Amino acid sequence: MSSLSAEMRAMLDDSVDKFLRDHYSFDARRAQVESVSGYAPDHWQQFAELGWLGIPFAEDDGGLGGTVTDTLGLMRRFGRALVVEPYLGVVGLAGQAIANSANTDLKASLLPGLIAGEILPVLAWEETRSRGNPAYVETRAQPTAEGWQIDGEKITVLNAPQATHVVVSARSAGNAVDDDGIELFVVAVDTPGVTVEGFATVDGHRAGRVYFDAVAVTPEQRLNNDGEGGVLLGRAIDAGCLMLAAEAIGAMETLLDKTIAYTQTRKQFGMPIAGFQVLQHRMVDMYIALTNAENLFEQTVAEHGGQATMPAPAAALLKAGISQSARYIGQQAIQLHGGIGMTDELDVGHYFKRLTALSLLFGGVDTHLKRYWRATAA
Amino acid sequence: MTESDNPDLTDFRRDVRDFIERAADDEIREAGRKTTSFFPPFAPTMRWHRLLHAQGWSAPSWPREHGGPGWSVAQQKAFEEECRAARVPPLLPQGLSMVGPAIMRFGTEAQKAAHLPGILSGEHFWTQGYSEPNAGSDLASLSCRAERRGDHYVINGSKTWTTYAHHADRMFLLVRTEAGGKPQQGISFFLLDDLDRPGLTIRPIIGLDGLPEQCDVFFDDVEVPLDSCLGEENDGWSVAKYLLEHERGGSSSFAAHFRQELAFIRRIAVETGDGFGGVLADDPVFQQRFSQLALDVAMVDATEVKFAALDKGSPESGPMSSMIKITAMETLQRINELAIDTVGTPTLTLQIEALVVGSDTPPIGSPDTLTAMPKYLNNRAATIFGGSSEIQRNIIAKTLLAP
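Chain order of the listed sequences is A and B. With our numbering applied, the first sequence covers 154 to 531. With our numbering applied, the second sequence covers 2 to 404.
Treat the hints as calculated values from the structure; they're not laboratory data. These numbers come from a predicted model, not from an experiment. Check each hint, because a few of them may be wrong.
Calculated pairs, DSSO-like style, for lysine-lysine (alpha carbon to alpha carbon, straight line, at most 30 Å) [stated by the list, open to error]:
no. : chain 1 : residue 1 : chain 2 : residue 2
1   : B       : Lys242    : B       : Lys307
2   : A       : Lys420    : B       : Lys399
3   : A       : Lys420    : B       : Lys113
4   : B       : Lys242    : A       : Lys420
5   : B       : Lys242    : B       : Lys183
6   : B       : Lys313    : B       : Lys399
7   : A       : Lys171    : A       : Lys420
8   : B       : Lys113    : B       : Lys242
9   : B       : Lys113    : B       : Lys307
With the rest of the complex left out, here is chain B:
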């Protein structure tokens, strides 16, 4: 569907623009400008989430029965594009795009009622506990375990790369509830609705950009209620896989995001000298690299639209989500690389203070170029998290080369 197929979309876009114009205050816009990874500055982003919720727009892809706006795929895409164009921060995906859809699919009525409203409204923030120090690419080898003891489970072990766990009040995690059998068996998917528990410790990890985004989480005899399981006990792998498909390809609109990044690079290139008296935008090598990326983004867009219409959990959705993950993340990394090459050496300036939302520290050099290097550094993780590009290729190969 394109805009011309749907005359209402012009009005729709205007409504979205008007709302953002009205509702997004300076701090929220600053958070958007200072977003340097898939995880925007926490507090202003959650505030924006709650403002969108008040409008009924916090979860564009959710079904109406759970509080989604009931938009078409084209409307969802248009909404995403308008948000990106206005440079408001993208909402954090862990609840809305990851555990939310999994709860809808696998949750009991009680679980849906207990968790979905808080995810929708932005009252609660969920962190993801999948990876462990010895279970990364080989996720199924995870060893964090939960044992039934009387009327509760007791968790022991640790999780790592739990994004924003230091901000979270809830956590979904994979634990081993039964040993033996295939590694995928005996894993359960837990929902923890309270992280303020004895024995649970969260330690932020400083990243390449000098800031904490990921965390280690340690469990030392942490007691959780027996109704913590999402889906059947020992069948958490099915839930985990379903959720990963959403994480990899599902509900984000990468193309809209990438087009904004390209627009930003183009603006910089028009103003940046080529060292010989002209500007970079007129340099054929720059033009070639830029246009190649425009092509890559067009392919991300086309595949993403196709994926959005697909039933998640169908045989083709797994490989296609892997394909989107590979294409999109590798494209993003090339975009980020072109950005630092376009800005040049000014991008080497370390500007941790100036990147804080509400900071009094002015940026050194152009404010537009402030985020280029942190994005380049942080998004090296994009081909690692959610299953590395190597793992995604294995997944596709398994289907493609099946006898």
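Same shape as in the complex, but just chain A:
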């Protein structure tokens, strides 16, 4: 549950709205997407100055004293404007892994820099064979005299080319599928043996593959206590899923608004195409898909948002539901716009692509329905 006052939240929402209105036109976004870094570092500094980077962190750590649920208003607005700054990856995934860490020294050394916008840690958890299951870890953390040696490869690391640090999951014991034996380490990207292969993604964001070749780490770089790495990682990804859900809902509501507006303007056969019943019903179905997803989201947040760990069945159904709605609304928005929806010039296609990415990230519909079954099976 939220830890910030209602006034504080309203103030934050207003500041986000104002910033996006002033600085985040679709053309401005396009320029950022096409830039070398893929985002605007001066925006990131403003996020820091406005306090946004500190929303879900304790006041003792330099944050605003809120929780992940307090970022959801911002994420929803980011979804509406298709914001490409690495908030989900840095404040969400990596930030939560650090904030919930038992290693207070490491936390104290990282969070102030993150909140000030000076460092950009990202979370490297996904692997070629993990398919949305964070507990599937092949990357090894082999014990050494000074700590561990990490070897392995991570894929689809959000914001990897923009990162200063990587929070990486690696296995010190057990087999790839075991829930136990997972460690989380913080590694600077310029550490010998770390290679980042960065790339742009279809939705205008950045990600990368990160390779670890005999990377030496010490106990001071480990975020978790013995035996607690898997839980810490799971919490971070569940937090990321909540933030992703909020962003998806923002993108879906904007896309539905744009579709309704377009069909009311676009004339064929002598009338606005919104007058055709088949399209009316389609838009009603989009509205139903959005509203059901939104209600499920709000209920899940109300019931579980404040808990240290979200119950797996609820987390799984939320991600499956969001992914399903994101697919349907994205696809139908293109269909109802017709050819113009297929162009790079119009923003509609970019919402569609972001929703496509959000539906795949952290596991898609099939993965999470399977996760639900496994979590509820006796």
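Place chain B on chain A using the hints.
Same frame as chain A, now just chain B:
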């Protein structure tokens, strides 16, 4: 007809395979692998077209008198399947499957002689000028107009979604030659044999995959000869409708194409982890989605074969072409969706450079998965172009519910 009905088909297939093996060089095969929509990479595909023509195989469905090989429907299907299996690029449809058959049906002897050989050989590439910014689903409301002025027509207006117009040297288009009456009246079907004309501007449109495939074409007092009309002046709608039937259901072999896509997904699934230590191919949900699509493709196949034997322009061919368009394109979109779900997040990597034929940029991740996302994105257009699925359903309803 099946293979067992025709003992010659085994030999026929072997001849096709041998020819492809011999004639398709690395660049052509690369173009096949890097095809991400109905419109394969232009230059290598046209080169493949000319190589097929030299063998007499560029237009399997054309009648022999116009240079077709005189194959049976079963042979045509077998040919298509072998081409798909070898992953050579499909030939571009605008000439061979669209304007070509229309010229055969409606053209004068002079027009046939002037245009068909270049379409057959791949010497010329035609682009289609149908849609306009304000005439999409409601095509008959088109307003690009041609006026007679002395010994030529003068065209003013614009066309959009003209695929590969930036590569084209010829264009067929619908223009309004007479105002008033029903919207379908007063439309003429023009053949332009030269796009390098004063007042004609082509502007590529960047698509969802980041590449230009469609174009806008603008006409500003463009002069064309009086013999540009295919069919009667003001009766272009008949030609347009006939051509659309070919575009929608006619001469392509969707089933062979889709089966290759499914085979590709199966290969990926055998190698892809399910997140719990197994592979996706053993996952019941994956198996269900895959097999459902196999069923959908079987239905596309069966209907397509039936349509191939039908006289185009007969009363039932219109609705059936619409049915094929709906079934096939919606099936394709589900196949493309299963492909991105199977590949997972690696499919999010934007790989514009690596997708260029002849590129030095190596793909990130498996080369096999390079095309999954561009196909998913590009083929969202499949239920829009050539008449949207909504329009196709209207066409069928008109017949089905006729009093």
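Evaluation of the provided hints:
The suggested pairing of Lys242(B) with Lys307(B) holds, with an alpha-carbon distance near 20 Å, which does not exceed 30 Å. Between Lys420(A) and Lys399(B) the alpha-carbon distance is near 22 Å, which keeps this suggested pair within the 30 Å criterion. The hinted pair formed by Lys420(A) and Lys113(B) fails the criterion: a straight-line CA distance of about 38 Å is larger than 30 Å. This hinted pair checks out: Lys242(B) and Lys420(A) have alpha carbons roughly 22 Å apart, not beyond 30 Å.
Of the supplied pair hints, the one linking Lys242(B) and Lys183(B) holds, its CA atoms being roughly 16 Å apart against a limit of 30 Å. This hinted pair checks out: Lys313(B) and Lys399(B) have alpha carbons roughly 18 Å apart, not beyond 30 Å. Only pairs whose Cα atoms come within 30 Å are accepted, and Lys171(A) paired with Lys420(A) is rejected, the gap being roughly 34 Å. Our distance criterion of 30 Å between C-alpha atoms is met by Lys113(B) and Lys242(B), whose separation comes to about 19 Å.
Note on Lys113(B) and Lys307(B): the hinted pairing holds, with a Cα-Cα distance of about 28 Å set against a maximum of 30 Å.
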